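> For reference, the chains in residue letters:
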Amino acid sequence: MGTGVPGGSGLSPESTGIDGRIVATGLTKLFGEIKAVDGLSFSVEPGSVTGFLGPNGAGKTTTLRMILGLATPTSGTGTISGVTYAHLTDPGRTVGAVLEATSFHPGRTARNHLRVFCAAAGLPDKRADEVLEWVGLTQAARYPVRGFSLGMRQRLGLATALLGNPRVLLLDEPANGLDPEGIAWLRGLLRHFADVDGRTVLISSHVLSEVEQTVDRVVIIARGRLIYEGRLADLEGASAGVVVRTPTPDSLSTALVPLHAKVTPRADGSLAIVGATPEAVGRIAWEAHVELHELRAGSSSLEETFLRLTAEPSAPTEPPQ
Amino acid sequence: MIHLLRAEWRKVTTTKLWWGMLLGAMALAALGVIAQIASNGVRGNVTPPLSSAATQRSIAASASSAYLFSVVVGIILITTEFRHFTSRPTFLIEPRRGLVIVAKLIVAALVGIIYGVACAALTAAIMAPWLGAMGITVHWVENGVLLSMLGDLVVIAIFAVVGIGVGVLVRNQIAAVIGALVYLFVLEPLIDIIPVVQNVYPYLPGAAAGAITGASRGNLARLDPLLGGLLLLGWGLLFAAFGWLLTIRRDIP
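Line by line, the protein sequences give chains A and B.
Just so you know, the first sequence maps onto residues 2 to 322 in our numbering.
Just so you know, the second sequence maps onto residues 856 to 1108 in our numbering.
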């Protein structure tokens, strides 16, 4: 097993003959009357880092819990390599997951925490020391987790996920509590996993900017529903958006329906359009004989796009049918 | 399964809970034994003399009160998983939840047996020299003292298993511990004195524990020890099955 640089030869996943794809199909979870997750379908590919994004309460953790077999979907399925979590052979060595950095007994030392799960997964105890070194916690190994900072807990959570040298990694808010140095370290580690090892990496976050330099693809959800799935670069292309001013915004909204772009009225009476180019909007307005007073590319950042995509819907945002 | 047993055993031994509670259990057992010996013969105490078989059995049986600690240990062993979310890595590594619960039940029983042996040994260690110094011989086998101590062990071990079932049912640690203690020390004795329902009392877990060791409490005639033992085992299995079923069906927090 390699030491030092995370992602040394010892970190390469064993070829277990599984593809490592994560697929959600119509995942739905009801808590009483509340639809926490609502018909969610998406896929996560091996060899890439995928960001699972959405505001707090969007249903990210519930979705991950369903994929990981901790929660039973009301309907729909979540699979890893084509099977549900419960049907994976040796899940401890196939999938590594962290659901919030809180899964520790405060009185147990970091090393003992890992040794408990070494035993459960049938791994040798020295594995605990290896992963502690990889995440930089060797010095803290013999101290109870009680005294750990949030960043240290994140590292220990990651260490737990890495115990079985898994092909598939699901990390819930892994950057939370890490200092900038820690975030850079995490970025390097995850990129290595995806680019060099070809592992599947899914990381959730409620802040796009936190992960935008790490991820290739994004799955964005809000209120339990899929908002956007695809390459981050494509979202960036669409994110600039279009700002248009017209005396007849309703007619323009109607004309824009075939574009499947998101149309939002702005405070000054103009419309913001995400998911379309100024050229496309101009042509549609011309074809529909809608008078335009202004047409320009928007200047919103990726983060603004994210916020707009996931914002609570208010009555006038939907184009009239 | 051997992996799970090792993991669950490590969970017990890597925190301070198990030996802190063991000290508590031993202290409670010792208290009962000491109180019975010291109060014997005091004016107003109608208990037969220390040389009698009944009293010797009763002294040995008082150690069974340590089941209070073993039921709490059982509850904490399982609820601590939900409280600190160690249930997540546990069920991620072994998604066959039934196996995890079986491993936990076995380890809880093992912890209970250790508590039981420690309490029974402590009882003997107090009884033998103390009564010996008073010139009284303890007839371990003939007077059924040893059997009473075996009863202590069984009661203490089974209650640790019951604790796992209670903890699965009521995942909130504090609510589960308080609920169990209120049931055992308030509700069950109340049932014993309320005429309409007192007929069921001998079949309840606490009364079954009393039947095993021969510790007398309450109004109605107790079951005989063997029947009490089977009954308590039944309660233990019922709670275990309940815990197993609930864990399989419910979402893991």
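One or more of the hints may lead you astray.
[Claimed, not checked] If you want the footprint, here are the derived chain B segments under chain A, 3+ residues with CB under 8 Å:
| hint | stretch |
| --- | --- |
| 1 | 856-863 |
| 2 | 928-941 |
| 3 | 1023-1034 |
| 4 | 1060-1067 |
[Unchecked claim] Among chain B residues calculated to face chain A with C-beta under 8 Å, some are:
| hint | residue |
| --- | --- |
| 5 | Lys866 |
| 6 | Pro944 |
| 7 | Thr945 |
| 8 | Phe1040 |
| 9 | Asp1106 |
| 10 | Ile1107 |
[As the list claims (entries may be wrong)] Label pairs and their calculated CB-CB ranges:
| hint | chain 1 | residue 1 | chain 2 | residue 2 | range |
| --- | --- | --- | --- | --- | --- |
| 11 | B | Ala980 | A | Glu182 | 26 to 36 Å |
| 12 | B | Pro984 | A | Thr103 | 49 to 59 Å |
| 13 | A | Glu313 | B | Leu1042 | 46 to 56 Å |
| 14 | B | Leu1092 | A | Gly48 | 48 to 58 Å |
| 15 | A | Phe32 | B | Leu1092 | 26 to 36 Å |
| 16 | B | Ile1029 | A | Val258 | 52 to 62 Å |
| 17 | A | Thr75 | B | Leu1092 | 24 to 34 Å |
| 18 | B | Trp874 | A | Thr26 | 22 to 32 Å |
| 19 | A | Leu31 | B | Leu1042 | 29 to 39 Å |
Worth flagging that the hints you see were computed from the coordinates, not collected in a lab.
Please read these numbers as outputs of a predicted model, since none were measured by experiment.
Every residue, glycine too, gets a C-beta built ideally from N, C-alpha and C.
> Each hint needs a verdict: does it hold in this structure or not?
Comparing the hints with the structure gives:
no.: 1; hint: 856-863; verdict: holds (count 4)
no.: 2; hint: 928-941; verdict: holds (count 4)
no.: 3; hint: 1023-1034; verdict: violated (count 0)
no.: 4; hint: 1060-1067; verdict: violated (count 0)
no.: 5; hint: Lys866; verdict: holds, 5 Å
no.: 6; hint: Pro944; verdict: holds, 5 Å
no.: 7; hint: Thr945; verdict: holds, 7 Å
no.: 8; hint: Phe1040; verdict: violated, 28 Å
no.: 9; hint: Asp1106; verdict: holds, 4 Å
no.: 10; hint: Ile1107; verdict: holds, 4 Å
no.: 11; hint: B:Ala980 x A:Glu182: 26 to 36 Å; verdict: violated, 58 Å
no.: 12; hint: B:Pro984 x A:Thr103: 49 to 59 Å; verdict: holds, 50 Å
no.: 13; hint: A:Glu313 x B:Leu1042: 46 to 56 Å; verdict: holds, 48 Å
no.: 14; hint: B:Leu1092 x A:Gly48: 48 to 58 Å; verdict: holds, 50 Å
no.: 15; hint: A:Phe32 x B:Leu1092: 26 to 36 Å; verdict: holds, 33 Å
no.: 16; hint: B:Ile1029 x A:Val258: 52 to 62 Å; verdict: holds, 56 Å
no.: 17; hint: A:Thr75 x B:Leu1092: 24 to 34 Å; verdict: holds, 32 Å
no.: 18; hint: B:Trp874 x A:Thr26: 22 to 32 Å; verdict: violated, 49 Å
no.: 19; hint: A:Leu31 x B:Leu1042: 29 to 39 Å; verdict: holds, 35 Å
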